[in-house]
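The whole structure should be built from the sequences, with the hints applied where relevant.
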Amino acid sequence: MALRHFGAAAAVALTVGLGASPALAVTEIQWWHAMTGANNDVIVKLASDFNASQTDYKVIPTYKGNYPDTMNAGIAAFRAGNAPHIMQVFEVGTATMMAATGAVKPVYKLMAETGEKFDPKAYLPAITGYYSTSKGEMLSFPFNSSSTVMWINLDELKKANVEIPKTWPEVFEAGKKLKAAGHDTCGFSGSWITWVNLEQLSAWHNVPLASKANGLDGFDTVLEFNGPLQVKHLENLVELQKTKVYDYAGRTNTGEGRFTSGECPIYLTSSAFFGNVKAQAKFNFTAVPMPYYPDAKGAPQNSIIGGASLWVMGGKPADDYKGVAKFLTFLSDTDRQVYIHKASGYLPITKAAYAKAKADGFYKDQPYLETPLLELTNKEPTENSRGLRLGNMVQLRDVWSEEIEQALAGKKTAKQALDAAVERGNTMLRQFEKTAVK
Amino acid sequence: MQKQAIFQSKLLPYALVAPQLAIVLIFFYWPALQAVIQSFLLQDAFGLSTSFVWFENYVELFKDPAYFAAVVRTFFFSFAIAISSLSFALLLAVMADKPLRGSMLYRTLLIWPYAVAPPVVGVLWIFMLHPSLGVISRYLRAAGVDWNPLLDGNQAAGLIILAAAWKQISYNFLFFLAGLQAIPKSVFEAAAIDGARPMRRFWTVTFPLLSPTIFFLLVVNIVYAFFDTFGIIDTMTRGGPGTSTVTLVYKVYSDGLLGGNLGSSAAQSVVLMIMVIVLTGIQFRFVERKVTY
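From first to last, the protein sequence lines stand for chains L and G. By the working numbering, the letter at position 113 of the first sequence is numbered 113, and the numbering carries on one by one without gaps. By the working numbering, the letter at position 126 of the second sequence is numbered 126, and the numbering carries on one by one without gaps.
Think of the hints as simulated: they come from the structure by calculation, not from any bench. Incorrect hints may have been included.
27 Å max Cα-Cα, derived BS3-like pairs, lysine-lysine [to be verified]: (1) L/K415 with L/K58; (2) L/K412 with G/K98; (3) L/K342 with L/K364; (4) L/K434 with G/K98; (5) G/K63 with L/K415; (6) G/K63 with L/K411; (7) L/K244 with L/K166; (8) L/K45 with L/K358.
The model shown is predicted, which means the values in this text are computed figures rather than measured ones.
Given below as structure tokens:
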């Protein structure tokens, strides 16, 4: 305790010391993020453009490591009493953040309190829905969004005389043909095993992943992804894993090099993979919508997003919040959204920006950049496809992956694995419900 | 030799140990106490709602079959890592102990790996053995081995043991070499005159005389395998596939930091703390006495 007070005292002393400089009038806004490489450049440019556009506020972006690291750094900073103003949190951290009433300032409240002009209808509902309450109040500000697409190595498909598949059975057939044509270690594969094969699969086929609209309507949600569709899909993957027509590529995106190297000619992963594909692939490529099972009623529905949003942290002075609100308005600007979209490959979040990119002819040469947007807006989202909000999501995904791995290794049947994943996941959800602020 | 120092003032000895005590108190007792307190609480990640739940975190923990699986796995890993790295280091030390040309160079090269941080070790082994990136895995596949530690739990466990043991070989080597050089040459010569062959000399002379070093290293290696393999596991397998490489320390991390379940995580670290206290106790109490000097 004594140490913490000392730290606070030192911080105060330091601030006072710095405050003596002429820059007294400038309010600093701390922005912690998890972007590297080209996307980090985008963040730095956004901050410096904002700082140049006015003189009252200064946004200071700081890289804090990968997504879980950034979130943990923010939580630790909050516990120590010096959280940043804005924190970039990945989509699976949403439930944890929104459960922390008092630690965060919902965006809709921030905009209302600071009197900043804000029209929730200007944003793409498929994107903001993930970060809004069931009443449509925006909790966090979507920053970088993507969705699952199927990346295709056009040259290899042509060589093997395979059409671009549209449905899962076609993907399986294509994989077999590709294997016969020399891709004997991998016909097709994908990253983020649970995101692609449970979360997106369920939304795309309009079946629930969990009750209560996948958790959007309350923390007392129960997992339900051991239904016939998900079990059948996993059974198919298990069967094809035996012959390596499908070959598991890990829980996260570390296996993505298998697409750019040419090993796996069909690869399901995030649309944000575009930057790497463009830089590394020495072949013609495209990205098409996720496959679906044609016998499933109503499929395809719409996909859900991945990526991250900006959370405004609580307990800051009113003047700071004015600056934060101005910054969010600045980010929502149509031209700026188009710039972010073009520079990073992430999706525009406003309807106007999407329309402008289209009007600019941006998708004419690169139609695959529109694929995730077409998936997200394919149909009006339902209870099963608005998004998901489950506590402990990072660890939930690990547990689901563990069980899927057991099935792929032949230690459990697909049904047993998904039953176990649901059961273990529910235990964790109840644990989360107990600790969540009511 | 006079061992007792005489201090004029009664305060001086306290003042002299004070810096050390302060370090121990701040960096060991304070966090340990925090862990014990936290283990009785149910708290959300942000620390906004806290309730005192007595032993609920412990009860939940001991009801969890996954926890016992992790205990068994951790002990298996520890012994596998300790035994493989000790035996290999001993072999190397015995070889390097011979009068060789350039032996200083060999020795220095053998000690180098100790300077490599565990996550770096993990990355190095990933580059060699990753199913799609790895250099070695390409040869393994060419040789007809179905190498896929992403799905095969035994292969993944083997990978962790290999990387962790490799890292520890240098440290063990250093101690073994020092231990070997401390054995008087006359003992070997006497054994040689009595007609003992090199193998026999090793098992009847060298090995018993090295036993204090071996025992010391065994404890150090087990503690290393318990705690310091975290970096390797986190970079190489993240506990997978399935739960086949989740050790107790990794579970503390994943439940606490990834899962936000601070109470259970704290309870687990308290259990871990007790285990280490017991291990050290055994070392001092029983086993150390039986070691032949």
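These are the hints, each one checked on the structure:
1. L/K415 with L/K58: Since the Cα atoms of L/K415 and L/K58 sit roughly 54 Å apart, the hinted pair is violated (cutoff 27 Å).
2. L/K412 with G/K98: violated (53 Å)
3. L/K342 with L/K364: holds (13 Å)
4. L/K434 with G/K98: Given pair L/K434, G/K98 is violated - Cα atoms ~64 Å apart, limit 27 Å.
5. G/K63 with L/K415: holds (25 Å)
6. G/K63 with L/K411: Judged against 27 Å, a Cα distance of about 24 Å means the pair holds.
7. L/K244 with L/K166: holds (21 Å)
8. L/K45 with L/K358: Measuring from Cα to Cα gives roughly 24 Å; hence the hint holds.
Against the hints set out earlier in the document, violations occur for numbers 1, 2, 4.
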